[in-house]
Structures are given as structure tokens and as C-alpha cells.
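Q: One letter stands for each residue in the lines below.
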Amino acid sequence: NAGVTQTPKFRVLKTGQSMTLLCAQDMNHEYMYWYRQDPGMGLRLIHYSVGEGTTAKGEVPDGYNVSRLKKQNFLLGLESAAPSQTSVYFCASSTFRDYTIYNEQFFGPGTRLTVL
Amino acid sequence: AQSVTQLDSQVPVFEEAPVELRCNYSSSVSVYLFWYVQYPNQGLQLLLKYLSGSTLVKGINGFEAEFNKSQTSFHLRKPSVHISDTAEYFCAVSVSRGIQGAQKLVFGQGTRLTINP
Chain R
1 NAGVTQTPKF RVLKTGQSMT LLCAQDMNHE YMYWYRQDPG MGLRLIHYSV
51 GEGTTAKGEV PDGYNVSRLK KQNFLLGLES AAPSQTSVYF CASSTFRDYT
101 IYNEQFFGPG TRLTVL
Chain U
1 AQSVTQLDSQ VPVFEEAPVE LRCNYSSSVS VYLFWYVQYP NQGLQLLLKY
51 LSGSTLVKGI NGFEAEFNKS QTSFHLRKPS VHISDTAEYF CAVSVSRGIQ
101 GAQKLVFGQG TRLTINP
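In the order they appear, the protein sequences are chains R and U. Read in order, the letters of the first sequence are residues 1 to 116 in our numbering. Read in order, the letters of the second sequence are residues 1 to 117 in our numbering.
Be aware that one or more of the hints could be misleading.
[What the hints assert, rightly or not] In silico lysine to aspartate or glutamate, EDC-like type, Cα no more than 20 Å apart, as pairs:
1) U:78 with U:8
2) U:78 with U:16
3) U:104 with R:38
4) U:104 with R:52
5) U:78 with U:64
6) U:58 with U:85
7) R:9 with R:30
8) U:58 with R:104
9) R:57 with R:38
10) U:49 with U:88
11) U:49 with R:104
12) R:9 with R:38
13) U:78 with U:20
14) U:104 with R:59
15) U:104 with R:104
16) U:104 with R:30
17) U:104 with R:62
18) U:49 with U:20
Bear in mind the hints are in silico, worked out from the structure with no lab data behind them.
Okay, chain R solo, but in the shape it has when bound:
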């Protein structure tokens, strides 16, 4: 099993350009998450999904859109990139068994995005 994979690994954009980051998981997990990691700020949740076609906003959703058309894929889109979106983006996934227990999140290797 590959676990959680992210494409691409690195990308440089100019201000105003658009792009889509792809996250794929082969663990049949129901939940998927997008985080951004900035120096001195840890990871912050952008959007998450609880199943195909169902997404929700996290802590820092502005400037991003997401889609979950297939259970194994979770896409993060930047319609008009800004320098403030320079960051490392991590995807994570988790299964769901019970509301009363913790379902561990498994992380991908990250995508390093620079917006000039």
C-alpha cells in the first residue's frame, strides 16, 4: 500500500495563476483533510471531507476550493494564487469507526508551493 500520496511534490506559480493539488489514498478511508504548514505556525486545517461530494471548511479556507468526486481522491484548488499562499500543503486521511473514539489521521509527504 502506498498510503497517502500527493502530486506534485514541488510547484512554483506566478501571482494570479491557478493550480490543483491532488491527494490520493489507498486505505479506503472515509475522511480526508488538507492542511497548510507555515514556519512558526504549525499546521492549520484548510478544508476537509467526510465522503464523496461532502466537504467542509476548516480554520483557513479563504482562497481555496476543494472537491471529492471519488472516495480515494481529494483535490485542493487555488483559483488565483497569491504570495500569501506560499506554504507546504499536507493531505491526511482517516477511517471512521465510531464517534466516541479517535480515528488516527495518516499524512502524505507534502507539496511545497511557492507563489511569486
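With chain R fixed as given, assemble chain U onto it according to the hints.
A: Chain U only, in chain R's frame:
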């Protein structure tokens, strides 16, 4: 809203010395607590977790952490570090749930642990 504070942004330690990475959280309700490790150019890996029960939690690679409810702390310790422990360590809490019970993690700022020979 809950928050997580890692008190040291960088911790340099000599090899085979003990280390403690400090983490405090703010929450008035029961929490789940975690430590994640990020090796250079890699994703995050779960080191250990506290869900309930014993306040001393043992994780991978010889790390352990102690949950202290009265001090709202969850400090990470290792009695003897190795060069291979050089990484960034993140403390995180899970308190709130999103739609359909999705658990939302709140991360601390991270502590960069550097092991010197």
C-alpha cells in the same frame, strides 16, 4: 477555542543526553493529545497519543509523554537521544468535531530538535 503552545521553537541537545519538549494546551473539556514527528522532507508521523487511562504514554522510538490535567501539559521526553531523532516535533489536540464527527486537530507551532554529536 482550544490552542496549543510549544514553549521552545528550537532545542539543541548532545547525543545520548536526555531531552524534554514542552507542550501546553488550553481546553476546559476532555481532550485527545498527540505528538507527531516530521523528519526532513517527509510528512508527519504519529509518535504517540493520549486518549484516556494512564497519564504516562509510551510511543515509538523510545519516546514517552505525560499528561498532566491540572497543568494542562503534555510534555514529550526521551532519556537518551540519537542523531536520528533530529526532526521537527508537533504537539496537537483534538477537541472539537466537524461535520459527521470528523475530528479536527489543532497543532502547536513545532519544536525543531537538533542532536549534536
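Q: Which hints, by number, does the structure contradict?
A: Per hint list: single violation, 7.
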